[in-house]
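A.B. asks: Listed here are the chains, written in short residue letters.
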Amino acid sequence: MAMSKRIAIVEDEAAIRENYAAAFRREGYSVDLYDARKPAMDAFDVRLPDLVVIDVNLKDDVEGGFDLCRDLRSRASELPIIFLTARDSEFDAVSGLRLGADDYLTKDISLPHLMARVAALFRRLDAMQKPQGEENRITRGDLELDIERMTVRWQDNAVGLTLTEFWMVHALARYPGHVKNRQQLMDAAQAVLDDNTITSHVKRIRRKFVAIDPDFAAIETVYGMGYRWLSD
Amino acid sequence: MNLRRQLLLVSLLTLVLPWAGCQFIRETESALREGQQQMLSGTALAIADSLSQFPDEFSIQPTTDTSGQLYGHPLASEPLIDGYFDDWSLPQESLRSMRGVDGPVEFAIGLRGQHAYLYVDVRDDKLVYAGPGANVVAADIYSDRVMLISGNESQITSVFDFVAEAPGSLVAINRTGDQRFVEPRISAHWEDTASGYRLEARVPQHLLDSHLGVVASNTGDKDDPGIRSSSFSGRVPGRLAMTSPLLQSVIGPYAQPGLRLIITDRAGWRLAQAGDASRSSSDTQSNEMSSRWMLMAYSMLLEPGKESLLAEPHPSGREQQTYVARALNGERESSWFRSSSDGRAVVAVAQPIWSGTVQTGVVILQQGTDAILSLTNQALTRLMNFTLIATLAAAAVLLGYSSWLSLRIRRLSGAAENALDQDKVQVELPSALANDEIGDLSRSFANVLRQLGEYNQYLRSLAARLSHEMRTPLTIVTSSLENLEHEALTDEAAKYTARAKDGAVRLQKILNAMSEASKVEELMEHAESERFNLHDALTSTVAAYGDAYRDRYFSFDSNSANIEIEGAPELVIQMLDKLAENAVEFSEPDDSISIRLSLIAADAVITVSNPGPPLPDRMRTQLFDSLVSVRDTNRDKHLGLGLFIARLIAEGHQGSISADNIDGGVVFEVRLPVARPRQS
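Protein sequences appear in the order of chains A and B. Start counting the first sequence at 1; every next residue gets the next number (the numbering used here). Start counting the second sequence at 233; every next residue gets the next number (the numbering used here).
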């Protein structure tokens, strides 16, 4: 195995920090732990980690995680950043993602799911550096899914989706016309999400497509059941 | 009783004002009356003094039997001798009555000029005439007859017999001493009537003595000597009482408008009369104008007296009123009367007349109180007007005031109730700036509402806050458990770990449910409203329920396939989810849950009904509040948030939600306004 990936966890709750660290270490990552913004930034000045997991609420600093994310993003545009927080409000999620985070996870997520997310992010990062392969692509009309890199294109324009969103689009587009219920979408996204969160995710996905193509209507809501991808 | 009625009732108290005024007027009136009485007493005393010099005019002989006395009524005009009483210018009551065989015998004696007049009305079932050609002068003649008996104190001096041969004019037979002869100076007329006969006669006064009596003799047949009805019971008739021209001339000057003088002898027989109490100089026309209700007011408000008709000179010629009777006994007495028809009062004084130590008679003065009447009349009218205006004004002001008060209170209570219903925290209550008690009430209401609002807000955010605060420790538990799974555990330990994890998962579900409400609120804020067909959305949703709840039967029907509303479809569906969930939880397996969509007025009405236990009344309004559950069984993960979320969504769409019991079950109803017709 090559040099292990370094993951930085910025979390003020010691027990959670240590539990996450143990899980990551078990997966073979090396982990740096910080309990506040200041020590984390000091350390990042010296050396950037390969991935950062940030809690929004940091000691005495209610939105310290957001500030940290903004700082980091300005310094390293490619650095994968995951918010892992108890704050599950829609507004917080939108703010976090707008600051350039790659994913916004609530602490409901199980450790195995978290591990999967992190692994996926690394995989995408790796795939970005490799030349693009044909075999891992799904094309549905205007939609083009690169499963390796976890990127989406619509009418040849890149659609900036988070991992969760990507997996949802993937689950829907793989079998066009089939209704995917919320549970299925949740499983695909490897997350524990409530109905309203799924609804907001779908909305956000639609909005991102609509930003490119105002006539976008490929994701249909089937009331009471779920969603389906309509191919042309 | 509401405030307005209460105050209106209180305003009735102003009616005390006219009452007090009336009391005052009464007092005034009786004081005036008394004054008048005293003045009259003075006058009466003076007249009595001046009359004491005419003792001869009063028949002061001690007449032991006054019952046999007759009164010679002064006649205003000369009557025709025709058997009719009409032209006597006397009231019917002037007739004296005595007992006859077949009924009362009525008679009267009148005086005019040098003649005395006799009128007799006899009831007689069987008339017996002397017959034509009979010798009426004969002593043994049998017939119905009338006798006029004249005499002095000691003996009968002459008897005049009226015997009819037939109806019509007849001659009188003079029986003075033993002689019997036709008296041509007397003219008489006999008239048959349905019940008997009437006799009218004119007798020159010089034929008569001082005492006079009337006898009617009723004969049955030839052999019947006749039964006599007599005006006197003694040996000789009573003295004929009559007016005295001298006394009349003496008192004449005293008569004034509204003042009546009457002089009587010791027996009460009227010797002279002047003036009239009921007529007054002041014109009574104006009083007529002051309408009928004034009279009613009089009779109700003023002190009622004896009927004033009683004060009139007695038609029999003999004054018999109580106050006169007492004056006849030597005491000065006064009295007063009031007319029930016009409210006029008559003050009367009776003053004995003394000649030396002997009481010769009584002078009676009566004065009509026209002056008092008009005085009180004016005062009363004014009082009535003023107090009526005052009462009306007071009532109107009080009514207005109370209306205003109750309006303020009703507005306040309405606003408070409204604020309570709509769960408003900060609310502008009416009268909040007022300085009075209602202002205080308003401010304390606002305070209570604010505190209640804060409490509700706290309760509403409690779930979200709790879930947020508990999420971190829960994460510690779950992540620790997940890490623990990677450790070498004994089978026993693994079992416990698994159980702990189950528990943690359940806890997590509960926390998610708790934060759902705040998420819905948040979604609602950011939701983009779109127009969608509610019917289609519900059709597909209810179809999905069949799969989700396999042990219930779901039915959906709708009276219109084209009901569109503005809103967030996911949220509306979520609301329906909550209602369906609620219906499932309250019903038993294999029960039917029916969902209906109908268009009522401008509302899309969704009802979800299920069989099951009825809702307790006391919970009906709280049902849709946060953390309220009417469930008595403690089933899994039920926090009473489902219906709260349904309400949030319904109200977020400008709709409403309500619950009701129906026969054997429960129905929930959501009303959402339909979208305005699309402009084409």
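Source of the hints: derived by calculation from the structure; they are not laboratory data. No residue lacks a Cβ here, since even glycine has one placed at the ideal position from N, Cα and C. Each hint should be verified, as a subset may be incorrect.
Claimed, not checked - Incomplete in silico selection of chain A near chain B, CB under 7 Å: (1) Asn19; (2) Asp142; (3) Asp213.
As the list claims (entries may be wrong) - Using C-beta positions, here's what the derived DEER-type ranges look like: (4) B/Leu698 - A/Arg70: 41 to 47 Å; (5) A/Arg70 - B/Ala666: 42 to 48 Å; (6) A/Ser231 - B/Ser890: 41 to 47 Å; (7) A/Ala15 - B/Leu698: 15 to 21 Å; (8) B/Leu665 - A/Met41: 22 to 28 Å; (9) B/Leu637 - A/Val94: 30 to 36 Å; (10) B/Ala666 - A/Ala15: 33 to 39 Å; (11) B/Tyr728 - A/Asp187: 26 to 32 Å; (12) B/Tyr690 - A/Ala14: 26 to 32 Å; (13) B/Glu719 - A/Ala119: 20 to 26 Å; (14) B/Ser890 - A/Val179: 32 to 38 Å; (15) A/Ser74 - B/Gln689: 23 to 29 Å.
A.B. asks: Going back to the hint list, which numbers does this structure go against?
C.D. replies: 2, 3, 4, 5, 8, 9, 10, 15
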